[in-house]
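Protein chains in written order, with the numbering used here: chain A, 1 to 164; chain B, 1 to 584.
In short, the hints are calculated from the structure, not lab data. Keep in mind the model is a prediction, meaning the values are calculated, not measured. Using N, Cα and C, we set each Cβ at its ideal position, and we do this for glycine too. Check each hint, because a few of them may be wrong.
[Stated by the list, open to error] Here's a subset of chain A near chain B, in silico, CB distances under 7 Å, partners left out: (1) Asp45; (2) Thr48; (3) Tyr49; (4) Thr52; (5) Pro59; (6) Ala60; (7) Tyr63; (8) Gly64; (9) Phe68; (10) Gln71.
[As the list claims (entries may be wrong)] Quick list of simulated restraints, FRET-style, between CB atoms: (11) A:Tyr69 to B:Lys248: 46 to 52 Å; (12) B:Arg122 to A:Ser126: 36 to 42 Å; (13) A:Glu37 to B:Asn575: 33 to 39 Å.
[Said to hold, decoys possible] Taking lysine-lysine and the PhoX-like style, the derived pairs with C-alpha atoms no more than 20 Å apart in a straight line are: (14) B:Lys542 to B:Lys467; (15) B:Lys393 to B:Lys248; (16) B:Lys178 to A:Lys112; (17) B:Lys320 to B:Lys467; (18) A:Lys53 to A:Lys25; (19) A:Lys53 to B:Lys490.
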Amino acid sequence: MSVEISHKIDTSRLDSIMAEYGYKKSNLIAILQKVQEVFRYLPEDSMTYIGTKMEGLSPATVYGVATFYAQFSLEPKGKYEIKVCDGTACHVRGSMPVLNAIKSRLNLVDGKMTSDDGLFSLETVSCLGACGLAPVVVINGKVYPQMTSDAIKIVLDTLLKEEA
Amino acid sequence: MTDDKKIMFIDGKEVEFTNEPNLLEVIRKAGMNVPTFCYRPDLTPFGACRMCVVEVEGRGIQSSCTMPPENGLKIHLNTEKTRRIRKTVLELLLANHDKECLTCEKSGSCELQKYSEEYGVRRIRYPEKKLEDYLPVDDSSPSLVRDPNKCILCGACVRACDEFQGHAVLGFANRGSKTVVQPMAGKPLGQVDCVNCGQCAAVCPTGALTIKSDIENVWSVITNPNKKTVVQIAPAVRVALGEMFGLKAGTNTIGLIDAALRKLGFDLVFDTNFSADLTIMEEASEFLARLKSGENLPLFTSCCPAWVKYLEDQHPDMLKHLSSCKSPMSMLSPVLARLVPEKLGIKRDEMSIVAIMPCTAKKFECKRPELSTDGHPDTDYVLTTKELGRMIKSAGIDFNKLDAETPDNPFGEYTGAGTIFGASGGVAEAAVRTAYEFATGEVLENIDIKEMRGTSNRSKTIQLDLKGTKLTVRVVSTLREAEIAIREIKEGKADFQMLEVMACPGGCVNGGGQPHSCDNSAIKQERAEGLYKEDEELPLRKSHCNPSIHKLYAEYLESPNSHKAHEILHTVYTNRFEYSYKNI
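Next comes chain A alone, as it looks inside the complex:
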């Protein structure tokens, strides 16, 4: 039930993404977003390749952009991307116990936020703009409102059962 993660870069895929955006330096963020969509993260070789191929950029510059924005992940993302809101409202309504429950259920620790089987990756985000539903968890775009540590465990178990 684990997900295949390929570390070999398909450079023709990168070429077509860069071509789609006219190899323009000003489109770098959009290009990186697209690459992340395809590979589910930004493999190091993809950043090196883009930095080498595109005029006015270098691998170090692309890496700088990729590490500046929280939206980019240098680690493979899971099939299910879990976002736990830790904005002020969610925080005071108990987002940390929810986060810890997810970590313990999926054996995740700080610095290693993707599960070994590649199914789940976890991150905290700032405000999702749904403070009325605090604390909020979003999994692959689906919003789970008013979470508790028990409720999130049920959600995860359901997903795990589906994948089994």
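We have chain A already, so just place chain B on it with the hints.
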């Protein structure tokens, strides 16, 4: 008051200004100054360090490096507020800084140290940097050492790498308190496509980027009684070293340097200018042969080791254009390695060859396996101008009181063509002086090719007439300009037959190993003028007129581009891209 005469007021004093790009330049022109870490006149203003803040009436606190001057503006440099801000900036930087000042390579020339002292920072109100936040020092490069714990994130190196060399090997990574300046994904500097030009270290205000020192290695051979030490000095060193001893930039101190080197204990003192002449003999012959056959044109000069590595890293398909001539340093060393031991009746390993260079990339060049003989590197050690200055100081030599001496013969004799190698355009000018006479058999009367000179214009195209043969030469400094020339060749738009490239802006006079000059754009031109002055004063000004060169060919090398000359004076290049992290 007319439109073109504009004035502003600095601390109440009326100051005129014209086209200065920012307040800081106006302040400096008026004979005053404010501290800065990130402002370097040859680089884009960045406004990162906030040390150059001034109080502008009606506008509050502004960074003077990024604000353009305006007519009637009233500014104040040293108010209670600006001084408090600067001191706080220093405290914050120091709180996050590895304060091992006494053992730091930059001690004594560090700008952070200097301003902390000037501003009387005696206590830092913020918590110290935690031990676990220290990052490893990167000493993988043969030329440079990167210590991120001493970085203040002023970004000068990142801009130098990008704006001079055009391919930003160094970049910012991460965000906020986690920000670091590093090569791609934190790879070691020695394993990426860094060309070792050292411009990053030249603009670094602290000890975050420094030149890898070979001083101790050189002392150990000088003090070893069983070693003969032979030294050669590059052209650009003679017009810059004096700055470390209070002399004006551009003062030619070659006589004092020769004397100082003997005082330091070197047994034989030669001059790289001699082998610059030798390079011209080989390169002019090679160029004329290519012109005749029409192959591999334009010819690229190969003296600059940063440029050579750049081509190997980025454009291996263009290596056929590169002259096969070794650099002057790497031509002289194998000649010395063969002839000096024979003459003195010693073995090669009983002798050390040291080269004094304005260049950090030469430290990489001397380690190239193809520049060795029987496994022994032809050049044992490369010292930069800065390192030589430090050795002279530590030996207690009063540089300015030395009596000028002359180099040893025969490898100390040189012409004016050899000496101008140190400035951008010099190699091409020297080559043309000789190529003209080789090609036409006539004497070139007007040998000054002034259109090739000047350190501020980084790209020049010069048209020449070799008695009917039209010749176009492109002279560029910085690899950013070299890249533009390469594009033109690849697109079939190039109209030149020779391309001279120096990676440092203005040429070797502004090399990464030269004394501190990044806060004054004019210094490189003053140094270049020092070289052209020596050229003018020398009795011989064309490489092929050097009698010692003729003697060397007659007794040893046969003739330019002979089999023997090829074996000793020419080299081969490697496709480095193929094995690099960039080949995906």
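Hint check:
no.: 1; hint: Asp45; in the structure: 5 Å, holds
no.: 2; hint: Thr48; in the structure: 6 Å, holds
no.: 3; hint: Tyr49; in the structure: 5 Å, holds
no.: 4; hint: Thr52; in the structure: 5 Å, holds
no.: 5; hint: Pro59; in the structure: 4 Å, holds
no.: 6; hint: Ala60; in the structure: 3 Å, holds
no.: 7; hint: Tyr63; in the structure: 5 Å, holds
no.: 8; hint: Gly64; in the structure: 4 Å, holds
no.: 9; hint: Phe68; in the structure: 5 Å, holds
no.: 10; hint: Gln71; in the structure: 12 Å, violated
no.: 11; hint: A:Tyr69 to B:Lys248: 46 to 52 Å; in the structure: 49 Å, holds
no.: 12; hint: B:Arg122 to A:Ser126: 36 to 42 Å; in the structure: 40 Å, holds
no.: 13; hint: A:Glu37 to B:Asn575: 33 to 39 Å; in the structure: 35 Å, holds
no.: 14; hint: B:Lys542 to B:Lys467; in the structure: 18 Å, holds
no.: 15; hint: B:Lys393 to B:Lys248; in the structure: 18 Å, holds
no.: 16; hint: B:Lys178 to A:Lys112; in the structure: 18 Å, holds
no.: 17; hint: B:Lys320 to B:Lys467; in the structure: 28 Å, violated
no.: 18; hint: A:Lys53 to A:Lys25; in the structure: 11 Å, holds
no.: 19; hint: A:Lys53 to B:Lys490; in the structure: 16 Å, holds
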